[in-house]
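Letter by letter, the chains look like this.
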Amino acid sequence: MIVDSTHTRWIILSVAILVVGLITYVPYHATTPGGPGGGTFQGLIYGFVGTAMMVFAGLLGARKRVRIWRLGRAQEWVRAHIWLGLISFPIILFHAGMSFGRGSLTSVLMWLFAIVILSGILGLVIQHVLPRMLLDRVPRETVYEQVPRVIDQLRQEADTLIESVSGVIDHPEQPAFAEASSSPGRRAHDLRTRATALAVPVEGSDELKRFYLIEVRPFFHPEGIPEGELMGAKTSSARFGRIRLLLPRDLHDTLRDLETLCEERRELALQQKLHHWLHGWLLVHIPIAYALLLLSVIHALMSLFY
Amino acid sequence: MAIVRTTKALAKRIDLHYFKRHHPLRSLKSGLSWGAAILAVLWVCGTTRRSSVVFMNGPVSTRHQLFGVSCEKCHEPWGALQTLTRGDEHPSVSDRSCSACHEGPPHHWQTPPEGARPGSKLSGDPACIHCHQEHRGHTALAALADRTCLECHRSLDKNTPSGYKLQNVRTEGKQVDSFLSGHPEFARIASRSGDTARVSLNHSVHLRKGLAGLPQGRAQLACEDCHQPDGARAYMRPVDYETHCAACHPINLNDDRFPAKMLPLPHDEPAVVSRFLQTSFAALVASNPEQITVEKKVRRKTEQIPILGDKELKADAFVQEQRKWLEAQRDAAEKAVLGPKSQTCQLCHVVTQPVEAAASEQKDEAASGEGKEAAAAEEHQKKAPGLAKVEPTAIPARWFVHSRFAHEPHRMLQCVACHTEVDASEKTSDVLLPGVETCRECHRPEPNHARADCVECHVFHDKLTSTHLNGRNTVSEVLKEYFGPASSGAK
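Line by line, the protein sequences are chains A and B.
For the first sequence, my numbering assigns the number 1 to the initial residue and increments by one for each residue that follows.
For the second sequence, my numbering assigns the number 1 to the initial residue and increments by one for each residue that follows.
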């Protein structure tokens, strides 16, 4: 989510809450003997408001999970999640008397809260930067979950391309997406492409075939992000340049097509990497937020009881 | 053969049901979320099995460690909820909880506010935990920040919220911000009323070099020869005649008839001295009956004839003469010791002669509303009718009654470093205590200085009125009280 003018009212609301909190906190801090704490009337009010904001921020997960809820637009929920969640931290700090907790549970709560807030801020920054980077550097972006499938299709296209000039290639690997390849339409497509590939090998294509099987084909493995010369744009170009010198002119077009496929594979690898950054922070943010909410409820109940 | 991608082929790239399948990233996110939540619950359950300390907002203070994990000892159930609903301040720990163990004597009053019962808490007095805040770590609950005291005592000219105003404090309108800023001069010094003790002492003479009667090898008396700390090394013990004065100032009755031509007298009440004199003269006459003489005219001359040699004297008359003689000797000795011109007792004490004593006692009786002085005078007359009266010395045991002081932490200092005017003091009325400025030389709220908090010297509660609420208990009784019957049974 990009922070733009649509966030204005949430920013104003959050700043207003913070200012009110600050204005009430300063005299409270100055006049409370022994320093402010969570057990005083005002401290409990801060705790109540802060917890309410935290719970509301946590409800975003439920809102996303139950898409049929007609409780405002999802984007509005995200905006509220960002700003109320952010402002809940200083409010909880007021509740704690600006301390990071003096007891075991309260200290754990404050550190978890800090991690949630910091990971959230990191996520917000990442979501500002990476989508633009994706747009610029991965023009052939696809659905993240489909990346391995698309890579497998690229491999099949490369296989067909090489077989069209060097005959049937003999490789020990089975297709990564057996279930996809075994679908009726897919199988027919494979048969057609293989039929066209049963051509007489072009003279001098052995070198291309060897290069493909040893270096290029493993590059199209759908799992993980490959390494090696083909992963870098410059090193890949140099490598293809060297191979081009060894091949007859008739095979140069095929080699260019193969290079294009590699380029596409490289983009998908970059997409995968950026996607991990774009969503990886959630692996910290969400689990810690769950633990935080659960422990906050326990803390609130025990604190209200005693 | 070039790669040809038809629209159909491109459309088939995407599996339309991909979102129905589990994706590793989503599964990991879900698993971690559940894992974190379960881990949090397990952590709380695990720590709660041992004790409820995990729920505390910080360890309890040092003195409450014994029952630090028993929340219910202090907290009342759903107390914090009442805070929210009723707006009470700290109701979860009421004064009732504190007073189960602590009597919590009230703030010391010089003069209780009108209508207040001495020893009772005033309506405006703060709740215990208003000042003594728990769960702040291993600290002393009594170690309060200055601002706690200054809530009520910032302006010493005004009444506190409980309607109390400090007496004898001259603040000249200043506000107290700290010991360094606004704290008035100590009242005993600021009042300039002097030392009202009724005893004569010249510090200057006592500290003179080459003083007569000094122990061998000593050129000069030192402060500690007379002023010695009490058991706690906090305050100085009262100067005691036998320990500190007798060596140089013996009390004797000079009389040639006694061995060494003198009679050492006790340092005690006139009545005791009188009885001692009578006993001493009785002993003297028992061993030397010829001492008793009667006046008799012999050949127109009046002579002192020992009664033992008076053969005409009958037994009854002999006893009567003996008694008369003893009383005469005693009276003469009393006059020599307690008389107006005597320098035996009056060297140090204020001695009121019998006539003056009666008048003084009447005056005391009139002045005293409660009749305590009158009762004391009556007692004196019963014990020693017609005797002179040695006035009580009235040396204060503590000078600054609203603060506490300990000499022990100041032991690295010379006495005169603080009591600066001792060497030059010639009068009893000189107040030789250090003033606030002397204390401020070391006690400043700054780094590398001694502490200067209010509670460093002042205590809120009048501990002198404190008692053991539940008496003294055995170890098993205490454990039973704090940890239940199981603990005491183990003993």
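Everything labelled a hint here was simulated from the structure, so no lab data went into it.
Remember, it's a predicted structure, so these values are computed and weren't measured experimentally.
Misleading hints may appear alongside valid ones.
What the hints assert, rightly or not - Here are the computed distance ranges between Cβ atoms for each label pair:
#1 B:Ser30 to A:Pro201: 44 to 54 Å
#2 A:Ala300 to B:Leu180: 52 to 62 Å
#3 B:Ser30 to A:Gln272: 26 to 36 Å
#4 B:Ala142 to A:Gln75: 48 to 58 Å
#5 A:Glu227 to B:His22: 22 to 32 Å
#6 A:Gly241 to B:Ser30: 25 to 35 Å
#7 B:Arg472 to A:Ala300: 39 to 49 Å
For glycine and all other residues, C-beta sits at the position ideal for the given N, C-alpha and C.
The hints, checked one at a time:
1. Distance hint check: the CB atoms of Ser30 of chain B and Pro201 of chain A are about 51 Å apart, consistent with the given range 44 to 54 Å.
2. Range check, Ala300 of chain A to Leu180 of chain B: Cβ separation about 43 Å, and the 52 to 62 Å hint is violated.
3. Taking 26 to 36 Å as the suggested C-beta distance range, the pair Ser30 of chain B and Gln272 of chain A does not conform, at roughly 20 Å.
4. Here the CB-CB span from Ala142 of chain B to Gln75 of chain A is close to 57 Å, well matched to the stated 48 to 58 Å.
5. Under the hint 22 to 32 Å, the C-beta atoms of Glu227 of chain A and His22 of chain B, about 27 Å apart, fit the expected range.
6. A C-beta distance of roughly 47 Å is found between Gly241 of chain A and Ser30 of chain B, which places it outside the suggested range of 25 to 35 Å.
7. Between Arg472 of chain B and Ala300 of chain A the beta carbons are some 42 Å apart, a value that agrees with the proposed interval 39 to 49 Å.
Violated hints, in rising order: 2, 3, 6; the structure is consistent with all others.
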